[in-house]
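Just so you know, the protein sequences line up as chains E and D, in that order. Each residue of the first sequence is one higher than the one before, counting from 243 in this note's numbering. Each residue of the second sequence is one higher than the one before, counting from 75 in this note's numbering.
In case anyone wonders, no lab produced these hints; they're calculated from the structure. Among the hints, erroneous ones may be present.
[Unchecked claim] DSBU-like, lysine-lysine: derived pairs with alpha carbons at most 30 Å apart:
id, chain 1, residue 1, chain 2, residue 2
1, D, LYS83, E, LYS351
2, E, LYS311, E, LYS245
3, D, LYS88, D, LYS131
4, E, LYS348, D, LYS118
5, D, LYS83, D, LYS118
6, D, LYS131, D, LYS118
7, D, LYS131, D, LYS83
8, D, LYS118, E, LYS311
9, E, LYS245, E, LYS348
10, D, LYS88, E, LYS245
11, E, LYS351, E, LYS311
12, E, LYS348, D, LYS83
13, E, LYS351, E, LYS245
14, D, LYS88, D, LYS118
15, E, LYS355, D, LYS88
16, E, LYS311, E, LYS348
17, E, LYS348, D, LYS131
18, D, LYS83, E, LYS311
19, E, LYS351, D, LYS131
[Said to hold, decoys possible] Computed beta-carbon distance windows for the label pairs:
id, chain 1, residue 1, chain 2, residue 2, range
20, D, ASN102, E, PRO282, 49 to 55 Å
21, D, THR170, E, GLU256, 38 to 44 Å
22, D, ILE86, E, THR314, 27 to 33 Å
23, D, GLY90, E, ALA305, 47 to 53 Å
24, D, ASN104, E, GLY347, 33 to 39 Å
25, E, SER267, D, ALA156, 34 to 40 Å
26, D, LYS83, E, HIS261, 23 to 29 Å
27, E, HIS261, D, ASP112, 26 to 32 Å
Computed from a predicted model, the values in this text were never measured in an experiment. Don't be surprised by glycine CBs; every beta carbon is placed ideally from N, CA and C.
Listed here are the chains, written in short residue letters.
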Amino acid sequence: DAKTTQPNSMESNEEEPVHLPCNHSTISGTDYIHWYRQLPSQGPEYVIHGLTSNVNNRMASLAIAEDRKSSTLILHRATLRDAAVYYCILRDVDYGGSQGNLIFGKGTKLSVKP
Amino acid sequence: NAGVTQTPKFRILKIGQSMTLQCTQDMNHNYMYWYRQDPGMGLKLIYYSVGAGITDKGEVPNGYNVSRSTTEDFPLRLELAAPSQTSVYFCASRQTGGEYNEQFFGPGTRLTVL
């Protein structure tokens, strides 16, 4: 499985944008980039995913480098509720079986200051 | 629509005792998962199931057993509890197939083995 590298922790100020980086230099052509986050004392929740093009949804934006060896999760205006551990995970298309399994690293712990 | 529910929320076991962690989902998802999360670490996959009657081992299956007799339920059994099984356990489910890989997680069960 392709590996991702994320900073252990980051800090942000409330209402400012946050850019969470993820390096994945060994990504394969069919790997999708997924982001999950885990709020304190809760289970992880899906944030966003993409393959090649940048993606936007109501929670965040995902910017993917042209060579796909890195990506950045963008929170446009951080709130206190965005304080969480953010996981960047690579997964192949699910053809059934174990391809859809997620492998969690330690992620990036985001702190948001008022 | 309750999503993924887990019981109990907390449990303290003595070494050698056994227990079953319950997980139920009401989204008619084929895939279900059990993870454990040790302090400061990411989630590790224990077992997963691709449908009723089908289960398979994940990364850390030793000391655990699962069954999947219905689509909705995926209980996790600890037969002889050991201190190394002290952890937070998360159940998750998802729909089948394709690039879309959103897993829905339950709130977790915090287990302490003394």
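I want to verify a distance hint. Is the separation of the beta carbons of ASN102 of chain D and PRO282 of chain E within 49 to 55 Å?
With a Cβ separation near 30 Å, ASN102 of chain D and PRO282 of chain E fall outside 49 to 55 Å, so the hint is violated.
Sort out whether LYS348 of chain E lies within 30 Å of LYS245 of chain E, counting only the CA atoms.
holds, 12 Å
Is LYS351 of chain E within 30 Å of LYS131 of chain D, Cα to Cα?
Holds: LYS351 of chain E and LYS131 of chain D sit about 29 Å apart, inside 30 Å.
Can you tell me whether the CB distance of HIS261 of chain E to ASP112 of chain D sits inside 26 to 32 Å?
Given range 26 to 32 Å: holds, Cβ gap about 29 Å.
CA of LYS83 of chain D to CA of LYS118 of chain D, is that 30 Å or under?
holds, 19 Å
Do the beta carbons of GLY90 of chain D and ALA305 of chain E sit within 47 to 53 Å of each other?
holds, 51 Å
Straight-line alpha-carbon gap LYS83 of chain D to LYS311 of chain E, limit 30 Å
violated, 40 Å
Check whether the Cα positions of LYS351 of chain E and LYS245 of chain E lie no farther apart than 30 Å.
holds, 18 Å
THR170 of chain D paired with GLU256 of chain E, Cβ distance criterion 38 to 44 Å:
Roughly 39 Å apart at Cβ, these two residues keep to the hinted range, so it holds.
Need the status of pair LYS311 of chain E, LYS245 of chain E: alpha-carbon distance at most 30 Å?
Holds: LYS311 of chain E and LYS245 of chain E sit about 11 Å apart, inside 30 Å.
Regarding the pair LYS355 of chain E and LYS88 of chain D, is the alpha-carbon distance no greater than 30 Å?
violated, 41 Å
30 Å Cα cutoff - pair LYS88 of chain D, LYS131 of chain D
With a Cα-Cα distance of about 25 Å, the restraint between LYS88 of chain D and LYS131 of chain D holds, given a limit of 30 Å.
In terms of the numbered hints stated before, the structure departs from hints 10, 15, 18, 20, 22, 24 and 26, listed from lowest to highest.
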